[in-house]
Every structure is written in C-alpha cells, then in structure tokens.
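Please build the complex by placing chain B on the supplied structure of chain A, with the hints as guidance.
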Amino acid sequence: MSEEKISRRGMIKKPVYINRRLVRYYWDRLKKNKLSLAGLGFIVFLALLGIFGPFLAADPQHVDFDIKNLPPLGFSTQESIYDIKTNTFATTVNPGRPDHPLGTDSKGRDMLSMLISGSRISLLVGLLATGIALFLGTFLGVLSAYLGGWADNLLMRFTDVMMTFPFFLLLVLIVFIFGPSLTIIVIVIGLTGWTGAARLIRSEALSLRTRDFITASKALGASDNRIIFNHLIPNVASLIIVMATLSIPGVIMAEAALSFIGMGDPMSTSWGTILNTGQHSLDTAWWVAVEPGIMLFLTVLSFNFFGDGLRDAFDPKASV
Amino acid sequence: MKIQQILEIKELKKYYRVTSGLIPRPVGDIKAVDGVSLTIAEKEVLGLVGESGCGKTTLGKTILRLEEPTSGEILFNGMDVVKLNKGDMRKLRGKLQIVFQDPDSSLDPRMTVGGSIEEALVIQGIKSAGERTERVGALMEKVGLEAGFYERYPHEFSGGQKQRIGIARALAMDPELVIADEPVSALDVSVQAQILNLMMDIKDRDGLAYLFVSHDLSIVKYISDRVAVMYLGRIVEMAEKHEFFKDPLHPYTEALLSAIASLRPADKEKILLKGDVPSPLNPPSGCHFHTRCHRMIAICPEVDPAYREVAPGHFVACHLY
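Heads up: the protein sequence lines correspond to chains A and B, in order.
For the first sequence, the residue numbers in my numbering are 1 to 320.
For the second sequence, the residue numbers in my numbering are 1 to 321.
Hints listed in this document are in silico derivations from the structure and should not be mistaken for laboratory results.
Keep in mind it's a predicted model, so treat the numbers as computed, not measured.
Take these hints with a grain of salt, some might be off.
Stated by the list, open to error - Stretch-level coverage of chain B by chain A, calculated; a stretch enters the list once three of its residues show a Cβ under 8 Å from a Cβ in chain A:
1) 87-95
2) 102-109
3) 119-129
Glycine is no exception: its CB is placed at the ideal position from the N, C-alpha and C atoms.
If we strip away everything but chain B, and leave its shape as in the complex, we get:
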C-alpha cells in the first residue's frame, strides 16, 4: 500500500538578500531555509521543532508562498505550488491554510469575528450570503464557539477563544493541510490542552494533515506522528515519533530532549548547549552544529554531513552515523 503524500518539498531554499551602504549592494544572504526536503502524508501530523530563529516559521510561510522561495519544489498533491500563477494559487489557497501563533494579532480588531471567518468564504468565491452565514455558523460550532458570537469583536474574546476563531477561519474552505505555526505557545497551559484536543478532533473528523511548528517537545510528542528537527535552516533529523523519542541520534536532538522538564530531574543527564544559534548570515563551516556540539569529531568543521536515511524512516544529518 502506497501512502498518499499530500505535501512533498524538495530542496527548498529561502534566502534573504542582505544589503548595506548608501547605494545598496548585497553583502550576503540570510539562509533562513537552506535546502529542506520533507514529506507529509495524508492525515499525518509532522511536528517541526527547533530553537527560535532556525527558520521554522519561514519554512511554513514559504510553503504557503507567503514568501517566494529562492529555489526548490513544493509539490502539493503532486502539483508544483511554486510554478502556479496568481489565479490558480488563489484557488489552491483554501486547501492550504495557516494558524498563527499570536491570537491577538491574527484577527482584525476592526472586523467582527464572524466577518473574519466569512472573509475566507468571500475570497474563495461563495456568492450566496445565506450559504456563507450558514457555513460560518457551522464553523464556529465546530471549533466550540456559539454561532451567536458572529457580531462580536476580537477584543471581547479570550486568547483561547481567539485561537479557536483563527482555526475556524483556516478551516473555512476544508483545507487538506494546515500549517500550525506554534498555535498554542501564546496560550496558558490549560487552554493549550483544549486547543490541542480541538485540533486533534478536527483532524480525525475531517482527515486533514498538519505541519505543526513548535519549540515545545512535549506538545510535539503529544500531537505528532513524525517529528523533524530544524537547525539553522536545515533539517538535521526526522523520524517517526516513538523512534524519535526512544532513540534520538543527532546530538542536537539529544540536547533538546534532555531539556524537557521532568518530574525526576535527578534521573536525567542534562546536555547543556553553549551559546546562541550562530548567525544564519554567516553559518559555521562544515556541520552547522559543530560549534555547539558535545560529540564533535575532527571531520565536523570540515565537511557538511549528508542527510541520510540510517534506519527505515529515520533520517539524520550527522557524521556519527
């Protein structure tokens, strides 16, 4: 049985040109996304973790073509999204949606929440006002809000409720893939659980796939089917969830996992990473991680390790394997 891949990214790159001087001339590129390849299957949740500034959000936005990719392919149901013209892209957008991190900024403060959800339907060309109203009501119920909230404004809602509205808007056109860009990290813990459960329920019912961006491994462990780790614009390890948490290979993954809060901290050996993420404008030579790696060997600063499949479904980019 072949698994239907809904999204397939090949060698995706997004560079930002950095210029300086009175007459701007390029001084380098920020390699926010530097050759990322991954796949997401139908109804699958791929957790994407990494420190802030490693390119997680940019990757998400590039997949949606909110940022134009520098190079690479983004195949959505076999169709290359990068090559689509504006009109075709607009038609596709309903199927490829995003949920944002900050619920305060993701809703227009001057528009009713019903209006915000309905805008999705208007843009996607549903002409009948009656049908739109009905669907907005259904969407609001789906995310656990009363349809009577239609004419309320975002400032009248709590963070969790706003996030539900954001989810409803993303679901408006029955998407097949939703990029969830840290959808719960701005919420407090009890609300986080509610939103995560809501997202899982919706996934099970509607059969959609998530690219779940997060920096919180315990959330990723809860929600994902597979996990990918990003460091400085590259994916350094990707594996099926149980394998990932049982047998992490990349030293960076080890360090991240050791940082999960535990009820018995004494049982665990903490791996502390030194310093910050290096600047993506001027990444270290060889393996980007060697400056902070606790298992560095002689070859690391010299050669960039290949991203290889070391066990079935387990990919890693490290010289140790």
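Excised from the complex, chain A in its bound form:
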C-alpha cells in the first residue's frame, strides 16, 4: 500500500487519536519484543475464550456428585477403602475422563467450563474497572494540569487523600455493605483506582502544556476545549494505553482476591471463586486450586509483558 495514495480527507473535524502510519510504526517496534508478542497472543486467546467459550462449554454451575473430584486427563486418583471382613484395603483407581479434560471439583462441576466462565468474568471486570479508573484519571489529571494554581492544588490533595485509603479494605467494606455483585465490584475498583493515573497524566500534561505547539494554538485563539481535546489528550493517549494494560492485572487480582475470601459475586464463577473451592480440597483434589492459579498467573504475566512492550514501543528514546 503506497503511502502517497492515501487520499486527502482535507479536514480535521475530529482529533486524530489513531492514525495508520503511527500505528504501523509502533507495531513494528512492538513486534521486536517477543515476550510482549507472546503476552498479546495469550490476551487475544483469553479474549476469544471469554467471548465465545461460554456458548460452547457446559454449564459451569452444573453439580453432579457422582463425578466429584475427577482428576484432569492424564492423571488419576486412588481411593482406598478398608474392608472390615477381610481386614484389607481395597484400592480403586479413578483416571481422568475425556468428557471432563480438566477434571471436576468437589461438587462435580466441570473445571474447563468454570475456567472459561472465569476468564470472561476476569476480563470483563478488568476492562470495565480499568476503563472507569482511566477515564476519571485522565479527566482529573488533564484538568488539574490545565487549570493549574489552586484548582490543581485542590485536586492533587484530594488525590493524595484517596491514595491513603487502604484500597482493598475499602473494597471489602463496600461489598460488605452493598452486597456482593459484579457491578458493585467494578464500580468500586473503578472509583478508587484512578489516583495513580491522574497523577501520571497530570505530570505529562504539565510538560505538554508549555510546549510551543500549545502556545501556537493559543496564539491562534484556540479555546481551552480545543487545546485539551485536540492537543493534550491525543498526546497522552499512548500513556493511557500503557497504563490500562499495566493496571488490568491488578484489577483482575483484586477481583480474584475478593472472590477468594468469599466476597465475590455468588452468581458468577470467577477464578477467585474456584480458588476458594479448591482451597478446601487441596489435599484430595489439588487441580481445583492449581488450574485457576495457573490461569491467573499467565494472565497477569501476559498483561505485564504486553504493557512493558507497549511502553517501550511508545517511548521514542527506548531502543527496541
């Protein structure tokens, strides 16, 4: 595709948040970081799993005590029963079954279905809560930097106060008061998680504010709105993307932790809920805890690798 042939649209009604050649340039830089690509691959896999998986998999809430504690395919458990007549132990071996490839938990629920359901919940919570947090963070950060003076002071002190709250304790408290539901969890994480973003974006916007192209716009008579939306925000967009990628794992972990201590949404099966179940049967059915653990581990790692790669790709000074 020849770059010269791109037609001249000839107008800038909308700010150019994304443009093809810059995206291409960043993609080329990102591609050089293999770990980051692997992370992206896993995230895409997880997203597909979360979107389409639940339609294909069995009901994760389906309980069947006849097949409880089935091991994953390729593993087997032994059950020894003492026979009082013969005074011997009768040992039966339970191998994993292909219709439950990742085994079942203590209530006979299919692990694969539960994990798929969990990936949907985790991604949903991660994306929504991060979205809320970054929206607030960007808004307050840019506003604070742009207004300056006492308004800046007020907003930043408010941010400091918010930062001093022990976030997880607050989360537990609010869930305790309002009852466990995914909506509440998403909103609370979103409403408390914006502080770091606000600070970072404020400092970035502060340095942008004194750049000549902002002065040039002012010299042309640009309104504050135009400067904020057409110049400041597009220039912090890459920072926002990186922060989003790096803050999603924290949110996923927070949701998992909440579910693990039994304060998650009881109507949904998240990885934390499965971990909670698995905790009680670690000695008999280790896979119930290990499998969601692996998923969490890989997810968090993937987002972190991907975020690191993005950050380097966006940083003109970093050599990739």
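Chain B only, in chain A's frame:
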C-alpha cells in the same frame, strides 16, 4: 509622508511575582520586561537582540498577550490590545502571529502537518472544508512544501521543513505582524539561510512586518531594517541598521558587536564582558549594565540613565551621550 506604525508599545512591563514560604508571600518581582517602548512600521523588520534571559521572548509573548502585561500599552494599528476582550482578541490573533524557535516542539506530534496549519483556519472561523483544504495547499506551496505532504506527521520532516510548516501556520490568516522568536537558531547554517530567504520573500510579497528576535547579530544584520538591543528587560539602544552597525553607542552594543566572528580576528579589538547577566529579580542599581560596563563613570551606579534620542532615529540609554 507619515510612516504608518503597525505596532506601538508604550512603557510595557511584565513582572513575575516571586513567592516563597509555606504560606506563599511575595518576596519580589522578576522584571522580565521593564518599561519597553518601541514601534514597528508597516513592512518593517525590527531586529531584537540580547543575551539569553534578557526578556526578548517574554516581550514577544506579551505583545501577543500570551502573557498578560503588568502595565503599559500595546497599540496594534492604533487599537490597544491589552484592553480587548476575549472575543475581539481572538479575531485579532490571525493578524498577529508568532514563529517559534524549536521546530520540534512547535508542531503537535499527533496531528498531521496539514491539520496543524488547517487548525488556524478552523479557529478563525472558516467553515467551508473545501476552502480550507485549498488554502492549506496554497500555504504549503508558499513556504516551499508540496501540498501532498498534507497527511504526513511532523516526525517525517527535517527541522527546516518543520520550521516552514510553522511559518505556514503563522501565515494562515494573512498576518500583518509576525513575531519571529529566534526562528533559525535551532537550525544548521545552510538551512538557516533558506529559512531567512523564505521569510524575506514572504515579507516582500505579502507586505508584513517582523519583530525578529535573535541573539545572532549577523542574522539580524542581514534581515533587519532597524535593530534594538535589550538588556535586563530594557531596551538600551535602538537605531536604523546601518547606523547601528557603523556607529554603535551603548557600551553593551559595542561589546556585542565585537563578539561577531570575523574572518580577520586580529583586526578587531575584542571587548569581553565579565560574568553573567545579573538576576532580574535583583537588578543592579542605577544603570543595570554598570556592573559589566568597560566605560563606567561615577554616575552610573547612582542614576538610571534616560532612554533618549541622541541622533535622528537613534535611541540610547547611557550617561555617556
């Protein structure tokens, strides 16, 4: 014949309040621009020279009201810019433009260069997209760029090209006065000449005036009609160009002129200034320059010299004249 003055500045002052302490209280003022008066005629280039930190850039920004002046008058075509309200100021801005020093920072890296130029037209209220596109194309050709560069991004251009784009943006609304804030000092020498020639061509064709801020006297000699020298927020000497270079009066001007690189350095006597520019927060008493002056007399630390016309069109603030 009366020369039409396009810009007339009277006793312009820009002070920055310096505060300190937990509960901020003022401890003094930085007098970045301290009572500057000057005029620029139609189609005239006024070169403004001085060391870094002497208030050249602040003066330029204050004229554009990017910084609110502390006091004084800025008459643009007889209209006091300081008294204009926001709406009227916006209408005026197209006629009063600025070109920046650093081409890297003067263009938004996330906006196409065409978009950057077009923004000027959007802000100034040209509604028709077709007309805007046409004018952007014409502007880009005017500064020597292909109109096909419209959708490119600043990082795809060299410093000189970026500076051309910056000039095109400033020219978008047919300005009458352009404040050029060291427009070539970030470029290398061959590109400097190209940009200077471009600016001169545009001036001749469109009949606009420049306030050309620079610290490079050879460039000022090339481009200006008149030259003003600034020291610590004040203008110490102003004269028509030939007079200025032939017969400099102020000791500071002498020192600056003697610092111009020459092909025969042995022919010239160098006047070396000692030390740095004093802090504008606490300027020296009397004549601000007396601490570094090689021709100081007894009165200098005591009395601030008046800024007077000592020959027709030649102004100087020095006790020696």
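Hint by hint, which ones does this structure get wrong, listed from lowest number up? Violated: none.
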